[in-house]
Amino acid sequence: MWKNPVKRALANGEPQIGTWLSLGNVFAARLMARSGFNWLTVDLEHSPIGWDSAGLLFGAIADAGGVCLARVPRGDHDYIKRVLDAGAHGIVVPMINTVEEAKIAIAAAKYPPAGNRSVGGSMHALNFGTSAGEYYQHANDEILVVLQTESPEGVANADAIYSLPGVDAIFVGPNDLAAQMRAPDGTEATQEEFEAMLGRILAAGQKHGVPVGIHTQSVEQAQKRIDAGWQFIAVGSELKFMVTGAQEVVANLGLQAAGDLARY
0 MWKNPVKRAL
10 ANGEPQIGTW
20 LSLGNVFAAR
30 LMARSGFNWL
40 TVDLEHSPIG
50 WDSAGLLFGA
60 IADAGGVCLA
70 RVPRGDHDYI
80 KRVLDAGAHG
90 IVVPMINTVE
100 EAKIAIAAAK
110 YPPAGNRSVG
120 GSMHALNFGT
130 SAGEYYQHAN
140 DEILVVLQTE
150 SPEGVANADA
160 IYSLPGVDAI
170 FVGPNDLAAQ
180 MRAPDGTEAT
190 QEEFEAMLGR
200 ILAAGQKHGV
210 PVGIHTQSVE
220 QAQKRIDAGW
230 QFIAVGSELK
240 FMVTGAQEVV
250 ANLGLQAAGD
260 LARY
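So the sequence shown is numbered by numbering that gives the first Met the number 0: it starts at 0 and just counts up by one.
Simulated from the structure, these hints should not be mistaken for lab results.
Some hints here could point you the wrong way.
[To be verified] In silico DSS-like links for lysine-lysine, alpha-carbon gap of 25 Å or less:
1) K2 / K109
2) K102 / K80
3) K80 / K2
4) K102 / K206
5) K223 / K239
6) K109 / K80
7) K206 / K223
[Stated by the list, open to error] Between beta-carbon pairs, the in silico distance windows are:
8) G258 / P72: 23 to 33 Å
9) D184 / K2: 48 to 58 Å
10) H137 / D226: 28 to 38 Å
11) G132 / R7: 18 to 28 Å
12) D77 / V98: 19 to 29 Å
13) D62 / E99: 34 to 44 Å
14) G253 / E99: 50 to 60 Å
15) R7 / E187: 36 to 46 Å
In this text the structure is predicted, and so the values were computed from the model without any measurement.
Note that the Cβ used here is the ideal one computed from N, Cα and C, for glycine as well.
Please take these sequences and the hints and turn them into a complete structure.
Structure, rendered in structure tokens:
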């Protein structure tokens, strides 16, 4: 059975760099899977990608030798079960604020006795290059479980969440974290306050031996975070790459470009 290289690299302290897939296009996924990123995450939280399309994307990435992850809309049993049965090599679970929410997500990704994932399906085995029986036996060891810390509440509970068995990595969505840090009157947190919050997340991850990552938008941002000890690094998305590249061409040709089209 295929062994998850990202899970092993993170456990060995090696940074792993990937990007988001938001377009839901199989042709784009085939190309991105060959572009050299360590992993690709199909975003089912903030895109209109449906179940059929997600399964095709996972298969296209796996067939190219890539690592396909899925960000689920919410950390419940049904969403996690469906993306894993559709062939995802791991999950990214948003808005994990409490220990109970973390336990629910972890259990949904693990077959008994470690969790409560139900047994069924066949596409998962195809993407791990194995038989259904062998998949059921070894999937718990290869599925990557990434939980997102995106709020002050999640940071306050970081010690308890990060110490749970089955947490392979933590991931920060900086826009959501910044939004959750707003004061009751809507005042944004200062950059110093935001970086201090990130520092608490990184420190908690290092304390419990859990790799911590963050979404970045440039090579410079990514390298800065890696140098500081962050490991699970996302850079933009195929959507962002497309729009940014097009806007650069338009600007360089002196045409009038639209502004804020894609942030991720």
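Which of the numbered hints above does this structure break?
When the structure is compared with the hints, none of them turns out to be violated.
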